[in-house]
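Chemist: Take these sequences, add in the hints, and give me the full structure.
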Amino acid sequence: AQSVTQPDIHITVSEGASLELRCNYSYGATPYLFWYVQSPGQGLQLLLKYFSGDTLVQGIKGFEAEFKRSQSSFNLRKPSVHWSDAAEYFCAVVMYGGSQGNLIFGKGTKLSVKP
Amino acid sequence: AAGVIQSPRHLIKEKRETATLKCYPIPRHDTVYWYQQGPGQDPQFLISFYEKMQSDKGSIPDRFSAQQFSDYHSELNMSSLELGDSALYFCASSSTTGLETQYFGPGTRLLVL
Numbered sequence: 020a021q022s023v024t025q026p027d028i029h030i031t032v033s034e035g036a037s038l039e040l041r042c043n044y045s046y047g048a049t050p051y052l053f054w055y056v057q058s059p060g061q062g063l064q065l066l067l068k069y070f071s072g073d074t075l076v077q078g079i080k081g082f083e084a085e086f087k088r089s090q091s092s093f094n095l096r097k098p099s100v101h102w103s104d105a106a107e108y109f110c111a112v113v114m115y116g117g118s119q120g121n122l123i124f125g126k127g128t129k130l131s132v133k134p
Numbered sequence: 094a095a096g097v098i099q100s101p102r103h104l105i106k107e108k109r110e111t112a113t114l115k116c117y118p119i120p121r122h123d124t125v126y127w128y129q130q131g132p133g134q135d136p137q138f139l140i141s142f143y144e145k146m147q148s149d150k151g152s153i154p155d156r157f158s159a160q161q162f163s164d165y166h167s168e169l170n171m172s173s174l175e176l177g178d179s180a181l182y183f184c185a186s187s188s189t190t191g192l193e194t195q196y197f198g199p200g201t202r203l204l205v206l
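Here the protein sequences line up with chains A and B, keeping their order.
So for the first sequence, the working numbering puts the first residue at 20; every next one is plus one.
So for the second sequence, the working numbering puts the first residue at 94; every next one is plus one.
No incorrect hints appear here.
Restricting the straight-line Cα-Cα distance to at most 25 Å, the calculated cross-link-like pairs of lysine-lysine (PhoX-like) are: (1) Lys126/A <-> Lys150/B; (2) Lys80/A <-> Lys133/A; (3) Lys129/A <-> Lys80/A; (4) Lys68/A <-> Lys150/B; (5) Lys150/B <-> Lys115/B; (6) Lys68/A <-> Lys80/A.
FYI, nobody ran anything at the bench for these hints, they're computed from the structure.
Being a predicted model, the structure only gives us computed values, none of them experimental.
Modeler: See below:
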């Protein structure tokens, strides 16, 4: 079955430091991958997505992610974290095979930013 | 740009009561998805509609039902509410099924007492 794993439940980084959030997926075909961000009590905002083509995708707020088929990974990166980036980050894959595109989410990684 | 609208934003109900959540998709989006996010959990897919027909069903309890109307808005009806139904309920919309990106609404926070 399709699944998404985010190995890190909670990460703390200093403001200005670089960030990498890990995401691994299990899927039989080429996946369609997404990163969403959720601030406390808020909705899910799309950061970026990968469907095909260039494996390095750029998103909003200075985020980027790289799709690595050999590692079944889609890690999210940001070169310099801002305090406003503190939030929960969800990696997700679209599930197919009789379904119509509902998202399967990872458990999320909570990002804290130290001043 | 117009976003997904959900109402109400907050709802408090007693056990065994009913609740109706509404979702207004982005204009010209024809697909609506409902997700449930329990406290500290990831969102779980409940049900989806494409062109007013149910297109997929996830972990939606039998006590819940949903539909999509001719103007593409959707309603999630929840009956015999239980304490465990307390959660954040998200609606998302996309312009076609499958490949198109899902855009999420702000959610409805339901508290069952």
